Amino acid sequence: MRDRYDVIVVGGGHNGLVAAAYLARAGRSVLVLERLDHTGGAAVSERVFTGFDARLSRYSYLVSLLPERIVRDLDLSFETRKRRISSYTPIGDTGLLVDNGSEAATRASFAQVTGSERDYAAWQDFYGMTGRLAERVFPTLTQPLPTRAELQRTVDDSAAWEAIFERPLGESVDARFADDTVRGVVLTDAIIGTFTHAHDPSLRQNRCFLYHVIGGGTGDWNVPVGGMGALTDALATAARAAGAEIRTGCAVTGIDTDGDTAEVHFVTGDREGAVAAGHVLVNAAPYVLARLLGEQADKPEGAQLKINMLLRRLPKLRDPQVDPRTAFAGTFHISESAGQLERAYREAEAGRLPSAPPSEIYCHTLTDPTILAPELIERGFHTLTLFGVHTPARLFADDPRGAKDLLVDATLAQLDSVLAEPIQDCLALDGEGNPCVEARTPVELEREIGLPGGHIFHADLAFPYRTTDDDSPAARWGVATGHRNVLLCGAGAVRGGGVSGIGGHNAAMAVLEQGR
Numbered sequence: 001m002r003d004r005y006d007v008i009v010v011g012g013g014h015n016g017l018v019a020a021a022y023l024a025r026a027g028r029s030v031l032v033l034e035r036l037d038h039t040g041g042a043a044v045s046e047r048v049f050t051g052f053d054a055r056l057s058r059y060s061y062l063v064s065l066l067p068e069r070i071v072r073d074l075d076l077s078f079e080t081r082k083r084r085i086s087s088y089t090p091i092g093d094t095g096l097l098v099d100n101g102s103e104a105a106t107r108a109s110f111a112q113v114t115g116s117e118r119d120y121a122a123w124q125d126f127y128g129m130t131g132r133l134a135e136r137v138f139p140t141l142t143q144p145l146p147t148r149a150e151l152q153r154t155v156d157d158s159a160a161w162e163a164i165f166e167r168p169l170g171e172s173v174d175a176r177f178a179d180d181t182v183r184g185v186v187l188t189d190a191i192i193g194t195f196t197h198a199h200d201p202s203l204r205q206n207r208c209f210l211y212h213v214i215g216g217g218t219g220d221w222n223v224p225v226g227g228m229g230a231l232t233d234a235l236a237t238a239a240r241a242a243g244a245e246i247r248t249g250c251a252v253t254g255i256d257t258d259g260d261t262a263e264v265h266f267v268t269g270d271r272e273g274a275v276a277a278g279h280v281l282v283n284a285a286p287y288v289l290a291r292l293l294g295e296q297a298d299k300p301e302g303a304q305l306k307i308n309m310l311l312r313r314l315p316k317l318r319d320p321q322v323d324p325r326t327a328f329a330g331t332f333h334i335s336e337s338a339g340q341l342e343r344a345y346r347e348a349e350a351g352r353l354p355s356a357p358p359s360e361i362y363c364h365t366l367t368d369p370t371i372l373a374p375e376l377i378e379r380g381f382h383t384l385t386l387f388g389v390h391t392p393a394r395l396f397a398d399d400p401r402g403a404k405d406l407l408v409d410a411t412l413a414q415l416d417s418v419l420a421e422p423i424q425d426c427l428a429l430d431g432e433g434n435p436c437v438e439a440r441t442p443v444e445l446e447r448e449i450g451l452p453g454g455h456i457f458h459a460d461l462a463f464p465y466r467t468t469d470d471d472s473p474a475a476r477w478g479v480a481t482g483h484r485n486v487l488l489c490g491a492g493a494v495r496g497g498g499v500s501g502i503g504g505h506n507a508a509m510a511v512l513e514q515g516r
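Okay, so the sequence shown: first residue is 1 according to the numbering used here, each after it adds one.
Bear in mind the hints are in silico, worked out from the structure with no lab data behind them.
Note that the coordinates shown come from a computational prediction; the quantities given were computed from them, not determined experimentally.
A couple of the hints might just be wrong.
FRET-style restraints, in silico, Cβ to Cβ [as the list claims (entries may be wrong)]:
id, residue 1, residue 2, range
1, Lys316, Val267, 48 to 58 Å
2, Arg394, Ala175, 29 to 39 Å
3, Pro400, Ala373, 31 to 41 Å
4, Ala26, Asp156, 26 to 36 Å
5, Val267, Arg312, 41 to 51 Å
6, Pro144, Gly259, 18 to 28 Å
7, Pro400, Ala26, 37 to 47 Å
8, Val267, Gly101, 29 to 39 Å
9, Asp298, Pro400, 13 to 23 Å
10, Gly51, Gln424, 10 to 20 Å
11, Ala297, Gly259, 16 to 26 Å
12, Gly51, Ser417, 42 to 52 Å
All C-beta atoms in this analysis are idealised placements derived from N, C-alpha and C, irrespective of residue type, glycine included.
Taking the hints into account, I'd like the entire structure generated from these sequences.
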């Protein structure tokens with residue numbers, strides 16, 4: 001390791017690797033310091049269950065916000081696949097199917113579930129609006145951050161602006177849709193990783209919803225071929241090929257800066273050290289950055305449960321009209337009607353585990369079986385990824401293990417309630433005879449991958465426009481901190497969040513602009 005670099009990147013997650021690759025390709029000397037013994041952060045593929053060659057996307061699991069230009073710019077060997085099925089929501093012995101490949105099938109399903117075509121027409125109108133919004137807003141995410149007025153002119157749709165940027169999302173959903181299940185399917189995109197409710201006046205739900213419907217200019221959530229680790233492996237390869245140095249097992253313990261030169265302190269093994277740089281890009285939450293600088297910040301709070309499963313076969317459904325291979329190919333909603341979401345939120349807000357925990361599931365292997373060894377594919381094995389909502393970190397404070405066990409049992413019981421057989425009967429058994437189920441709470445996400453409070457977005461998401469008159473490169477790109485040469489490059493940057501690389505791209509652009 002040299003004594004000084006042009007840029008030091010703190011954290012080897014996907015955003016940090018994007019920044020390192022761009023800057024190294026631009027001729028900057030770059031050092032990436034990663035606490036864990038591998039790069040990737042939350043975007044990794046791992047063999048979770050002993051005895052099985054199944055490379056699960058252990059934490060983050062779908063891709064929507066990654067711009068194609070980043071893949072092209074960095075010559076990444078990485079691809080995603082679209083899911084034909086958008087979602088399936090079981091309701092008693094039937095269910096609501098949203099099939100991207102068949103308007104007729106979707107229309108018929110809406111009519112069967114809701115009793116009329118009113119909500120289907122409203123659905124078409126609403127997602128037509130968000131589709132136009134996506135086409136206009138998504139390209140701005142890799143451009144200098146617009147002002148609020150500039151973004152409003154770009155959107156050029158007063159109804160869309162009012163619904164998404166001005167009024168609580170619940171008002172628009174309630175006015176447009178009559179059916180409680182349909183309302184819930186829409187609202188789920190507003191609460192993924194965000195502990196809030198449909199009528200929150202702070203509009204946290206609106207911000208979360210916006211990022212979930214604009215990805216790629218379409219709002220599609222795609223499956224990473226080879227698992228999420230395929231992306232970060234490709235990024236690490238690109239960064240190294242461009243000349244960046246990547247040091248794993250190297251935990252950063254502090255950052256000192258005078259605005260022109262910074263010194264990064266670290267521990268590797270039993271040795272302490274320090275290295276200087278002109279710029280430091282931090283691929284960690286703003287809360288973590290504050291601690292590294294010796295400053296104060298409020299700790300964010302995550303609110304989700306992640307369960308990974310390996311199955312011998314897909315479970316049978318109570319709905320005889322829908323093949324499990326169809327139902328699980330998209331997003332499979334459980335206990336996520338608008339009323340159920342509101343009830344779970346109120347219970348959690350009062351300090352109780354939700355009595356009927358809402359969650360959603362998808363099956364990676366129905367779209368991309370390559371994460372399984374050929375022998376497992378031949379035997380009919382599949383993975384299931386469950387993402388639970390409204391389970392804030394505070395619920396695990398007093399008894400992390402006990403609360404987790406209760407929550408997992410309740411969540412899987414809700415899944416069983418919409419199946420024709422218990423999920424337990426379909427689970428593979430690992431090398432020690434245990435069911436192949438792995439669960440992670442916000443507390444464990446903080447301990448394992450450094451997400452403060454287990455918050456998957458590092459902090460509450462922000463609308464993608466400027467809220468300051470600061471015209472510095474860092475502010476113009478949405479990556480500014482209180483220090484000129486220390487920038488955010490992770491999910492906590494404006495327009496960060498999700499697996500996107502946007503935070504890394506924009507931090508790199510700010511550094512290059514400062515250099516000019």
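Quiz item: Can the suggested window of 37 to 47 Å be confirmed for the beta-carbon pair Pro400 and Ala26?
Solution: 44 Å, holds
Quiz item: When you take the CB atoms of Ala297 and Gly259, is the distance between them in 16 to 26 Å?
Solution: For Gly259 against Ala297, whose Cβ atoms are near 19 Å apart, the range 16 to 26 Å holds.
Quiz prompt | Satisfaction of the hinted span 48 to 58 Å by the C-beta atoms belonging to Lys316 and Val267 | solution = 52 Å, holds
Quiz item: Do the beta carbons of Asp298 and Pro400 sit within 13 to 23 Å of each other?
Solution: 22 Å, holds
Quiz item: Can the suggested window of 29 to 39 Å be confirmed for the beta-carbon pair Val267 and Gly101?
Solution: 52 Å, violated
Exercise. Confirm or reject the claim that Val267 and Arg312 have a C-beta distance inside 41 to 51 Å.
Key: Cβ of Val267 to Cβ of Arg312: about 44 Å, so the range 41 to 51 Å holds.
Quiz item: CB of Ala26 to CB of Asp156, is that within 26 to 36 Å?
Solution: 34 Å, holds
Exercise. Given the hint of 10 to 20 Å, check if Gly51 and Gln424 actually sit that far apart at their C-beta atoms.
Key: 18 Å, holds
Quiz item: Are Pro400 and Ala373 spaced within 31 to 41 Å by their CB atoms?
Solution: 34 Å, holds
Exercise. Kindly confirm whether 18 to 28 Å is satisfied by the beta carbon distance between Pro144 and Gly259.
Key: 22 Å, holds
Quiz item: Is it true that the C-beta distance of Arg394 to Ala175 lies inside 29 to 39 Å, as the hint says?
Solution: 33 Å, holds
Quiz item: Quick one: are Gly51 and Ser417 within 42 to 52 Å, going by C-beta?
Solution: 30 Å, violated
Checked against the numbered hints given earlier, this structure breaks hints 8, 12; the rest are met.
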